[in-house]
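Residue numbers (our numbering), protein chains in the order written: chain X, 1 to 368; chain R, 369 to 736.
Just so you know, the hints here were simulated from the structure itself, not pulled from any lab data. Keep in mind it's a predicted model, so treat the numbers as computed, not measured. Don't be surprised by glycine CBs; every beta carbon is placed ideally from N, CA and C. Careful: at least some of the hints might be erroneous.
Taking lysine to any residue and the SDA-like style, the derived pairs with C-alpha atoms no more than 25 Å apart in a straight line are [to be verified]:
#1 R:Lys560 x R:Glu482
#2 X:Lys104 x X:Asn58
#3 X:Lys192 x R:Asp705
#4 R:Lys560 x X:Asp337
#5 X:Lys59 x X:Arg146
#6 R:Lys417 x R:Lys560
Pulled a few chain X residues facing chain R out of the computed Cβ check, cut under 10 Å [what the hints assert, rightly or not]:
#7 Ala139
#8 Arg142
#9 Ser266
#10 Asp270
#11 Ala282
#12 Glu340
Number of protein chains: 2
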Amino acid sequence: MTMFASIQDLVQTTPGWIASDGTAGEVILSSRARLARNLTALPFVHRTKKSDLVRIINKVETAVRASATLPHALFFSMPEMSALDRQFLVERRLISPALAEERKECGVFVSPAETAGVMVNEEDHLRIQTIQAGLHLEAVWRAVDRIDTELSHSLDFAFSNDFGYLTACPTNVGTGLRVSVLIHLPGLVLTKNIEPLVRGITQVGLTVRGLYGEGTEALGNLFQISNQRTLGRSEEEIVTTMDRIVRQLIQHERRACEAVLHEAPSQVEDRVWRAYGVLQYARVLTAHDAVNALSSVRLGVSLGIIATIDIPTLNRLVVVTQSAHVQKLTGRALEGDAQEIARADVVRGLLTPSRTPPVRRANDRSNP
Amino acid sequence: MTMFASIQDLVQTTPGWIASDGTAGEVILSSRARLARNLTALPFVHRTKKSDLVRIINKVETAVRASATLPHALFFSMPEMSALDRQFLVERRLISPALAEERKECGVFVSPAETAGVMVNEEDHLRIQTIQAGLHLEAVWRAVDRIDTELSHSLDFAFSNDFGYLTACPTNVGTGLRVSVLIHLPGLVLTKNIEPLVRGITQVGLTVRGLYGEGTEALGNLFQISNQRTLGRSEEEIVTTMDRIVRQLIQHERRACEAVLHEAPSQVEDRVWRAYGVLQYARVLTAHDAVNALSSVRLGVSLGIIATIDIPTLNRLVVVTQSAHVQKLTGRALEGDAQEIARADVVRGLLTPSRTPPVRRANDRSNP
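Bound conformation, chain X alone:
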């Protein structure tokens, strides 16, 4: 019998991937890998009847419980959850917006540290995923591969010798592997180099999207970059190519930041410090304002202008300033002004530990 976890178990904890800043953590918020898998002898999710969907969940649970990596996973069952709680999981990056919309039997298994999970009955029977802070594509790939291997001991995954792993959508056929990074590119946005770069990235077979995946806007200069092709390349090739391109992108971004700082140092410092002031002092704060201020402050940390706030705190703020997080942290449903007031409280609560305002100046940049 599946035990349902409560969102409340997650509200007061910090996702494991936020705890460290990781390699190039000021530019790369997180690296993720996910594998699409389907069980043999059962139709794809969109053609499966309810009793079979429940059977799939039970099969996956058995496999998850028997695995070495996810034996203590929490299970969140979508039909049992409120819209707010589902949104919380989306903001936590544990489920896709698509899963949050589902009315049918589906859900997600999540490791207690929230660094690994298995969505069940989203587009595919299983979407196995792993996440880490910073640029660690090789590591998240190894982690997701390990879980895949562990689950395959008790599950039969649909596989064709011609096509590889079979998936509901042809774009995932083959390895079923998608690796992605969440990357912060304020320098390239400010220098207006972002559009040609996005075009270039698209041409080499990657996709650029906003924070929440397909069709979402790039808020706060945050972009999600992932591989488009899953077929005709080995997993190692996908990971290596992605890693190489992302490292180039990081170099481009760093050069753009230095150029912006060189061109107008006071204007950059002004933007960074005013944003810090907004986070520290606002009493009413929209999600939009928050993500933009966080972007400017992150730029400041990245350029060595601000030294009193660390990347894990910024990552945490990106997560907890989202709408459902503000509401869950405050303990009640909030809209409009009330939510904006609560958001400002949440931010100040996280920033107040260091009370003395930092007064680093441009020419003190000891660690650019």
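Add chain R to chain X, keeping to what the hints say.
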């Protein structure tokens, strides 16, 4: 022989009227009184030839040096001064914008504490003026009356038994007394009660203007209120009436502030604290931004939202964030971005005295 003072004598000092906050100091920045006087046997300024203008200055100087109140007054001679230094005196509220524009022989005697002064050859031969922080109309009237009496021992003031003191402009005939307050009315502006109130004030014979007198815009919710009529009423009547009306206005303003706070407490706090954040963190700051931020912070002090900044500091900031002050404090002529950067430095220097180095930078000449 008249000794010319240097603006540099004032740059690093704080005007005496700022040093204390005075009665109702959070609403009333300052109370001022001035008397218009002209010497007998000499035509009014606009019809006096240069040699006579010099004679007037010399006569006034003799009287000033012989007075009990102003024996050590500094003299600033307009023809000897740069446009920047004149502007500095306007911002310091020691001379009128009209005097700063003059090309002819004219100037101002200023007490070392800057609480009393005598403009010479502005519209009238003498404009004797006194200033204090807060609401102290009776006190500034007594002070200006004392100086008038002292000067009249050595000067013959033009006086008619029918009209009283004779002045170049008929609006000053009679007592020649103008009393004024610089008042901060954010509550009445926010509640949109300011226009009817200004109309009402005008109907009872007072004039409402912006910070720098006639024709200037009300920046940062700061208004200058003065009596229009100088004839047909005793000095005591003018002062008493003005004091009564200003006290009513303070009550109106306080009620408006309480209403605003009651209606949208978080929005008011947000405005106040964000403004504080701007002052504390901006690296580029326009004069307009500064005066608006100072207005919001003052509102916060007035409402008890902010307790970490005092009224004298706010008054000082209103003075030193003005264009000529920023330049004199920085030690060089600055425009555009450079001035806005220097302004932000000046503000941070005053807000974090212990941590930020003085407004002057290492590469500045110490004595421009």
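Which constraints among the numbered hints does this structure fail? Numbers only, ascending.
Those not satisfied are hints 1, 6, 7 and 8.
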